[in-house]
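Here the protein sequences come in this chain order: Z and W. Each residue of the first sequence is one higher than the one before, counting from 10 in this note's numbering. Each residue of the second sequence is one higher than the one before, counting from 3 in this note's numbering.
Keep in mind the hints are simulated off the structure, nothing from the lab. Note that the Cβ used here is the ideal one computed from N, Cα and C, for glycine as well. Take these hints with a grain of salt, some might be off.
To be clear about the criterion: a stretch of chain Z counts as covered by chain W if any three or more of its residues have a C-beta under 8 Å from a C-beta of chain W, and this derived list gives those stretches [said to hold, decoys possible]:
hint, region
1, 261-269
2, 280-292
Selected chain Z positions facing chain W (in silico; Cβ < 8 Å) [as the list claims (entries may be wrong)]:
hint, residue
3, P160
4, A162
5, G273
Only pairs whose alpha carbons sit at most 27 Å apart, straight line, appear in this in silico BS3-like list of lysine-lysine [what the hints assert, rightly or not]:
hint, chain 1, residue 1, chain 2, residue 2
6, Z, K299, W, K156
7, Z, K72, W, K112
8, W, K156, Z, K251
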Amino acid sequence: MRRWFVALAIVAALAGGAGLILTRPSVTAPTELNGLVPDLAQGEVVFYAAGCAACHSAPGAEKEDRLVLSGGRRFETPFGTFVAPNISSDPEHGIGNWSSVDLANALIHGTSPSRQHYYPAFPYASYSRIKMQDVVSLHAFLKTLPANSAPSAPHEIGFPFNIRLALGGWKLLFLDPDWVVDRELTAEQERGRYLVEALGHCGECHTRRNALGGMVLSEWLQGAPNPNGRGRIPGLTPDQLKWSEADIAEYLKSGFTPDYDSAGGEMVEVIENTSRLSDADRLAIAKYLKIIPGASAVD
Amino acid sequence: MTKFFSFAAVGLFSVAIVGGALAQQSENPAVKARKSLMSLYAFNISQLGAMAKGEAEYNAEVAAAAANNLATLSKVDQSAMWPAGTDNVADPSSRALPAIWENFADVGAKGQAFAEAAAAMQAAAGQDLDALKAAMGPLGGACSACHKAYRAPKE
Chain Z
10 MRRWFVALAI
20 VAALAGGAGL
30 ILTRPSVTAP
40 TELNGLVPDL
50 AQGEVVFYAA
60 GCAACHSAPG
70 AEKEDRLVLS
80 GGRRFETPFG
90 TFVAPNISSD
100 PEHGIGNWSS
110 VDLANALIHG
120 TSPSRQHYYP
130 AFPYASYSRI
140 KMQDVVSLHA
150 FLKTLPANSA
160 PSAPHEIGFP
170 FNIRLALGGW
180 KLLFLDPDWV
190 VDRELTAEQE
200 RGRYLVEALG
210 HCGECHTRRN
220 ALGGMVLSEW
230 LQGAPNPNGR
240 GRIPGLTPDQ
250 LKWSEADIAE
260 YLKSGFTPDY
270 DSAGGEMVEV
280 IENTSRLSDA
290 DRLAIAKYLK
300 IIPGASAVD
Chain W
3 MTKFFSFAAV
13 GLFSVAIVGG
23 ALAQQSENPA
33 VKARKSLMSL
43 YAFNISQLGA
53 MAKGEAEYNA
63 EVAAAAANNL
73 ATLSKVDQSA
83 MWPAGTDNVA
93 DPSSRALPAI
103 WENFADVGAK
113 GQAFAEAAAA
123 MQAAAGQDLD
133 ALKAAMGPLG
143 GACSACHKAY
153 RAPKE
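Generate coordinates for the entire structure from the input sequences, incorporating the hints supplied.
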């Protein structure tokens with residue numbers, strides 16, 4: 010316990026010092042969660058829509074092991090290798106002692122309980138659009154998942170990207186919780202937009218990033234080089250992805266392409282999650298993808 | 003001198019032809035056989051998928067026939083189709099990763115899981131459209147489980 014306090018003190022001192030130079034990590038006011046009652050079933054939907062297990066389950070975990078969020082998967086990027094932390098319900102090594110405000114701060118502001126900036130490999134640039142009700146429900150659902158005491162491994166990030174204080178500046182530049190497609194939509198398209206832009210964080214891979222790692226929103230979902238350096242992540246705009254709505258919905262359910270090949274690469278992980286959504290939610294995603302601006306459109 | 007050049011040109015030309023032929027015809031019969039089997043899976047799944055997507059009207063007989071085929075295909079003994087030296091390193095026309103030959107037990111278990119998903123589709127496809135739709139997810143999941151672990155990405 011004393012070690013924990015010492016660590017907290019050091020982190021608090023660092024965070025405090027940073028605040029003088031750059032922006033302080035921002036937080037959600039606890040009153041914003043007043044009166045919200047968690048809904049476990051909804052929390053489970055949020056869990057699968059947000060794809061938590063795709064990054065936070067152990068490397069190679071299959072089936073029910075995907076519910077053990079012990080971390081350890083490695084993500085190679087131009088900035089270094091990020092290692093997914095333990096977010097299981099273990100109170101010491103996971104996030105078992107987090108309040109729902111702590112979870113809101115992480116998802117919406119990229120801020121840790123000790124007021125440190127998270128790296129945007131954790132896709133809070135998308136999750137920042139989450140509804141507070143969904144935070145509360147997800148918080149309750151995560152508590153029901155198994156605890157695991159594997160300690161989180163440190164990220165392998167070299168200078169200068171290992172200076173977390175600089176992330177305050179990154180957030181100023183690139184953390185924008187407004188909708189990317191900001192216009193009048195049908196209820197179904199709105200649901201699709203929420204699933205794609207917020208929870209599903211599709212843009213994190215399918216949108217090109219600039220030299221600082223911020224998503225280039227003017228090229229929303231137009232495809233990008235794969236950050237691991239191999240191949241290209243396809244564009245999803247209607248002029249690039251010619252699949253019908255039914256094709257997209259079926260792909261997100263079973264992984265079958267219109268040629269009845271099965272999905273490959275990282276999308277297999279994604280489909281393990283989207284296969285758990287309702288038909289209505291998968292169709293909503295397809296409907297939204299049909300109204301995003303095309304790659305040839307001038308913004 | 004011109005003679006030398008024409009020899010060289012003929013030589014290079016032959017190398018190019020042989021090289022091109024090799025690239026096209028390097029397929030081992032076993033590789034061809036397993037690709038053909040995959041095509042047969044895909045064709046029969048396409049019959050079911052078209053109904054699941056609403057592209058084709060649901061027809062219990064057509065669905066049952068496709069699902070029966072698929073279940074039969076899932077039981078084909080493939081033991082001779084995966085000889086050593088037919089991974090994607092030895093034979094670039096294949097996308098089969100060398101890991102297959104190091105994990106035969108797991109590959110077999112995943113094949114068994116596919117056979118079970120195909121059997122579940124066989125039981126569902128002739129019932130009604132909702133049953134067919136519900137069986138598509140687990141079927142695709144079984145395909146992906148093996149492809150994720152043991153198939154090289156395209157390109």
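Right, here's what the structure says about each hint:
Counting residues of the region 261-269 of chain Z whose CB lies closer than 8 Å to any CB of chain W gives 6, so the stated coverage by that chain holds, three being the minimum. Closer than 8 Å: that is the beta-carbon criterion, and the region 280-292 of chain Z has 4 residues meeting it against chain W, so the requirement of 3 holds. Here the hint on P160 of chain Z is broken, as its CB sits about 27 Å from the closest CB of chain W, past 8 Å. The beta carbon of A162 of chain Z is not positioned within 8 Å of any beta carbon in chain W (closest approach about 23 Å), and the interface hint is therefore violated.
The beta carbon of G273 of chain Z comes within 5 Å of a beta carbon in chain W, closer than 8 Å, and the hint placing it at the interface holds. A distance of roughly 26 Å separates the Cα atoms of K299 of chain Z and K156 of chain W; the hinted pair therefore holds under the 27 Å criterion. Simply put, K72 of chain Z and K112 of chain W have alpha-carbon atoms about 13 Å apart, close enough for the 27 Å limit, and the pair holds. Of the pairs offered as hints, the one joining K156 of chain W and K251 of chain Z holds, with about 19 Å between alpha carbons and a cut-off of 27 Å not exceeded.
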